[in-house]
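Protein chains: 2
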Amino acid sequence: MATRVEPEAGPRSKRAAILAAAVDCFGETGFEATKWSTVAERVGIGQTALYHYFESKTHCLLTIMRLELQRSHDKFSETTADVTDPVEALRAAVRAAYDVSDHEILQMRILHNHMDLLSGPRKSKREEAERVEARQLVQLVERDWTNLLVRGMSQGVFPLRDAQLLGAGVLGLIVSVWRWYRPSGPTPLSEISDLIEGACVRMVAT
Amino acid sequence: MATRVEPEAGPRSKRAAILAAAVDCFGETGFEATKWSTVAERVGIGQTALYHYFESKTHCLLTIMRLELQRSHDKFSETTADVTDPVEALRAAVRAAYDVSDHEILQMRILHNHMDLLSGPRKSKREEAERVEARQLVQLVERDWTNLLVRGMSQGVFPLRDAQLLGAGVLGLIVSVWRWYRPSGPTPLSEISDLIEGACVRMVAT
DNA sequence: AAACTGAATTGAACTTGACTCAAGTTGATC
DNA sequence: GATCAACTTGAGTCAAGTTCAATTCAGTTT
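So the protein sequences, as listed, match chains A and B.
Numbering of the first sequence is given in the working numbering, commencing with residue 1 and proceeding in unit increments.
Numbering of the second sequence is given in the working numbering, commencing with residue 1 and proceeding in unit increments.
Just so you know, the hints here were simulated from the structure itself, not pulled from any lab data.
Keep in mind it's a predicted model, so treat the numbers as computed, not measured.
Each pair of labels, with its calculated beta carbon distance range:
1. B/33 <-> A/154: 38 to 46 Å
2. B/162 <-> A/83: 20 to 28 Å
3. A/12 <-> B/132: 42 to 50 Å
Within a straight-line C-alpha distance of at most 27 Å, the following computed DSS-like cross-link-like pairs (lysine-lysine) qualify:
4. A/57 <-> B/35
5. A/57 <-> A/14
6. A/35 <-> B/123
7. B/35 <-> A/125
8. B/125 <-> B/57
9. B/35 <-> A/35
10. B/125 <-> A/35
11. A/125 <-> A/35
12. A/57 <-> B/57
13. A/35 <-> B/57
14. A/123 <-> B/57
15. A/123 <-> B/35
We put the CB at the ideal spot given by N, CA and C, even for glycine.
Can you build the whole structure from these sequences, using the hints too?
Put into structure tokens, the structure is as follows:
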């Protein structure tokens, strides 16, 4: 496990502040709709100072996406590591997917609203580096879910099916929520979590 | 049911050609990545001629989205109209959702990659009109699925659950495919359709 | 303390691509 | 062949992202 070192070292670096502000702006206003200069304003620096930390607005977006993917994968691993029963592991994984802060909800929204960015190659070096890394993390997360299903199937707990396809389905079902969910909305996240948890179990274990 | 009259009347109108070209470009290259002028080129007209038909690039996108939503709703209605058994209706609806041409696949991709556009209001009149109409169609499609579930639940065929939330889940699961599916990919759409059909039935009817 | 260093920051100019406008062309109809 | 609406264009404007050379700042060396 080579843990990446985020370049946030310098004590007067505003990288973290920029990322936080960008998540707020991109998440609430939308990536295209938010002016890059607005992010600078919110941090309290000039527009051009942003380019000291990120090569472009898109580079910042890709970084946010990669960080969120990393977080998702890590949380999945932590949560399911010590659960042997496949059904319980599945339940725990779904619950973990919805055990998130408001800020993380925004990151989810940003991530899934811009997944298409990961398909085509980018022109600049650093953007492309982030894209490739994010792309790999997507595959890693997909494999996380596939493996969970494979484990259950080989134990005879889940009926045999195309684990990869079904895993994509489960994952798709879970993340589809971030398209429409708003913390201010009428349905509490806990209720959603419960319903999706049940749905996933039925989908996989029936 | 007031059926909208698409302004494609004039015999030398290139509106349909523009829409078709835009679907190809936006679907393959992505909306942001494709230059508006490229669409004009592909149709064989000057860039400014586009503005005779669409107020803006975004207006064209919103129109594509609305048309696709209309198509989805119509297809759902046609398919489920004469099926009384809820389980069979559900199966038929899922199958219909994946019974699409290559061009329609692109439209799906475009639609679901830009759903977020429908949340915030637009500045210009015609864009806003398309947005509102699309927004209503989204709700209509959601209601289509919810009603299908409600019908099954009240008949005692489906266990009682939050039909609206479960409907959103089913719909989310189905459309999540358009994020990653490519006709050139390894998995044929028929296989995906079968797996999702089964998954939906288990999710809802178990 | 003065000199030095690299990180951080800035204002002004540049680039790109969406969009506007005034003027022109085309084709159906009378 | 005159008229009118639909359609098309060239020559621009404008907004927002980006580049770059010059500058400030904080910490380190001498």
